[in-house]
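Colleague: Put chain B on the given structure of chain A with help from the hints.
2 protein chains.
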Amino acid sequence: MAKCDALVVGAGILGLSTAYHIKRENPDAKVIVVEKRAAAGQGNTAKSAAMFRSFFYSTTNLTLADSSVEFYRFLQEKGKVNLNIKWTGYLWLFSKDHYRKVEPVLKELSRRGLNYTYYEEEELSRKLKMETHVSSNDEAKAMGLKDVFAGIFIPKAGNIDVNALLNFYEKEFLRMGGEIYYNTEVKKLIVEPEKPFGVPGEPYFWQKSRISGASTTKGDVKAEKTILAAGAWIPNLLDPLGIECCIKPKKRQLFSVKAKTRELKELLNVKGFNELQCMPFTILPEPSVYIKPAANENAFWISYGDDFPRAYLLEEEPQPEENFYRYGIYQVLVKYFPQFEGQNPSSAMAGLYSINTLDGQPVIFEKHGLIVVGGASGSGIMKADAIGRIASALYKGDEYAELYGNNRFRVSDLGLEKRRVENEKLII
Amino acid sequence: MAKCDALVVGAGILGLSTAYHIKRENPDAKVIVVEKRAAAGQGNTAKSAAMFRSFFYSTTNLTLADSSVEFYRFLQEKGKVNLNIKWTGYLWLFSKDHYRKVEPVLKELSRRGLNYTYYEEEELSRKLKMETHVSSNDEAKAMGLKDVFAGIFIPKAGNIDVNALLNFYEKEFLRMGGEIYYNTEVKKLIVEPEKPFGVPGEPYFWQKSRISGASTTKGDVKAEKTILAAGAWIPNLLDPLGIECCIKPKKRQLFSVKAKTRELKELLNVKGFNELQCMPFTILPEPSVYIKPAANENAFWISYGDDFPRAYLLEEEPQPEENFYRYGIYQVLVKYFPQFEGQNPSSAMAGLYSINTLDGQPVIFEKHGLIVVGGASGSGIMKADAIGRIASALYKGDEYAELYGNNRFRVSDLGLEKRRVENEKLII
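Protein chains in written order, with our numbering: chain A, 687 to 1114; chain B, 687 to 1114.
The following block holds chain A by itself, in its conformation from the complex (with noise of 0.2 Å):
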């Protein structure tokens, strides 16, 4: 595996896409993926909640979540892979302050085609057996926490089966003669002079230099270009070489509980918002604490994405914290959520997500002949065909990417230099 036309690090969501799609619009190319770990999709893409929406007020945020969402529609119809998509629908809670504010963001997404259901508190309340006023509870109160004014449905949304997607992307790749190597970490990637001078050190900066591959456990690889995929560990290759990606990492944790009451399990199953008949996955008033319902595993994922003080910090194997759960989400969940009351984690997981700290959307560029792939923020399952089709006309050096639907992007849109990306007013 010593040379090869493209080298993407990293086998995660965003890395197997990529691979793919280079591989698919260039079958000639020899094109190898090398990953740290075991299997596809075993870091951070497996500690998703794999929750998609097609329903972002930022132009870019769509047209990059619903072109891939109708890639998967179509894979899972034509019956070529089954994606298990849950169109859960998003329920989206607010307080009537914060509700105000998005008013006439909805109203704009509504002129645009874009479908939500509006529901009154009192018919949540109803609905769910939710607390809506949580004001009259002296603790919620001194909390901070809001009534809930209003929610809204949207039924473009929902989850995905990531390893069947994580599978689908690697085996067609493999077909086509794609290959990956497993087990195969990338120490430090490559750097060398156009034109050796055969000095010590080199290349000095009078020399044109560029990244020609990577060096791994395995050895090295070179490659024409190589495509860092590698998620939450981009920013400790780069870093190396000086070069900023404005991306870091930092930690999300799920907890898990099970629908062991009659109450749980009547939420779970609640009736009337989706053709499931279950609960969809709902946003609390801010702060948005979430719930992602599992019928399949008679359980609900509960999350909170906290932002200060959570470490910028690389683990390799980011751990739950009991005390999150308990003095973080559970304090907010509870009042909302009388259903929970007592009822403890029965499992728990970590990730990191690796932020793009300019605006949260996915960075796609290329500089000395390295592309740089990710950022992409919590969005990168429902982003990720998406993200592999604009890093694969980056590669073959096309202004526009074709994404799914016939939709044209610009890839230097999602570049640091000419960065183009529409601010998201509906950020959860």
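Take these hints with a grain of salt, some might be off.
Which copy is meant is left open, so a pair is good if it fits within one copy or across any two.
[As the list claims (entries may be wrong)] Capping the alpha-carbon separation at 30 Å, the derived lysine-lysine pairs in BS3-like fashion look like this: (1) K793 x K881; (2) K957 x K793; (3) K951 x K874; (4) K716 x K894; (5) K782 x K881; (6) K1053 x K1104; (7) K873 x K832; (8) K1053 x K782; (9) K904 x K1082; (10) K894 x K946; (11) K787 x K881; (12) K782 x K908.
Hints in this document: simulated from the structure, not taken from any laboratory.
Modeller: Relative to chain A, chain B alone:
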């Protein structure tokens, strides 16, 4: 020193300028500076070439540098303090291609009233006894070095005695009643909830919280406002709290070559550029190796700010690299100035630039009760006074800072959220 109004972390040039201006504008405030080293400016401030220029395309850069330089001139001319300002000027040498690019920029600056003198290649060759036609040398050609086509001399530029400047700020700060604690290292910033609930591990995300001081090797210091001016160490103190500052450290090296030979003495004391009758600070064509004259040491300080693949790396005691001079700087230098043939450095030093990776201009913002002041990217000394005044305005909550010379400067222009800086087109 357990409690204060303003705690400034770092007694480098930016920390002391900030502390001085905060104390000057808030004489009743208890202002404390903590510094891990034994005296002022012993970190990377000490490793600077201490050059300044009042010649930038970006009005942001020009305003910050010019108002600071004018303040330094005022200090010196009013006899308040001898800053040993040397108006050596900058002599900037360009290849033909590069000159064609900067020509419109220079004309624009000329229209704005900034002075410079144009030098033709022949005159440079004659005056400096330099080799302008380097392309006649095979090695230089292979290295990609370009002939000197023209040069410009910028008179409002030179160097300053940074220790004298540090002493001024320190002495005046102490005279007004400020306190400095040396040998006092900040281990971490303290985060506290506004309303403590007494639960383990608080604050949690549902609590409002803020940075309320710092834990130091000499104990905790609580402050109404904490001001982080720790240069290259800023990201290391912010990452654990998940705050992005867009600052990364990068090593810079300076090599001192004695003017031992008659030719080098002649070059060092070249007539006709400035009143000092010495060599100006000289910037070679790209790659822009630069030469600082140090007539009092009978030496030149020579440097180059390498970008790729120089690591972003925090080191307590960065070391100069012999090979960086031998195979890097020297190889370029000697092609243009054969006077340096065979000359080795008699001493060398290395420090860290605190690079703002967004645009190379300073960063001054407040988040969670913390004010961050840094990222001057190698221009910290020449902009220190303005930066201190802007940080002080932010401390007071003012929208505008009043710079020396009655320049108003919008504080949020250097922040991260409403950042508004003009890009620089004259980068060394």
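Colleague: Would you mind marking each hint as holding or not holding in the structure?
Modeller: How the hints compare with the structure:
1. K793 x K881: Result: close neither inside a copy nor across copies, 58 Å intra and 37 Å inter.
2. K957 x K793: Answer is within; shortest intra-copy Cα gap is 27 Å, inter-copy 72 Å.
3. K951 x K874: Classified as neither: same-chain Cα gap 50 Å, cross-chain 45 Å, threshold 30 Å.
4. K716 x K894: This pair counts as within: shortest intra-copy Cα distance 25 Å, inter-copy 53 Å.
5. K782 x K881: between (64 Å within a copy, 23 Å between copies)
6. K1053 x K1104: Both. Shortest intra-copy (13 Å) and inter-copy (27 Å) distances satisfy the 30 Å Cα cut-off.
7. K873 x K832: For K873 and K832, neither the intra-copy (48 Å) nor the inter-copy (37 Å) Cα distance is at most 30 Å.
8. K1053 x K782: Between. Shortest inter-copy distance 26 Å satisfies the 30 Å Cα cut-off; intra-copy 46 Å does not.
9. K904 x K1082: Cα proximity of K904 and K1082: one copy only (28 Å, versus 57 Å across).
10. K894 x K946: neither (64 Å within a copy, 34 Å between copies)
11. K787 x K881: Answer is between; shortest inter-copy Cα gap is 26 Å, intra-copy 58 Å.
12. K782 x K908: neither (57 Å within a copy, 36 Å between copies)
Violated hints, listed in ascending order, are 1, 3, 7, 10 and 12; each of the other numbered hints is respected by the structure.
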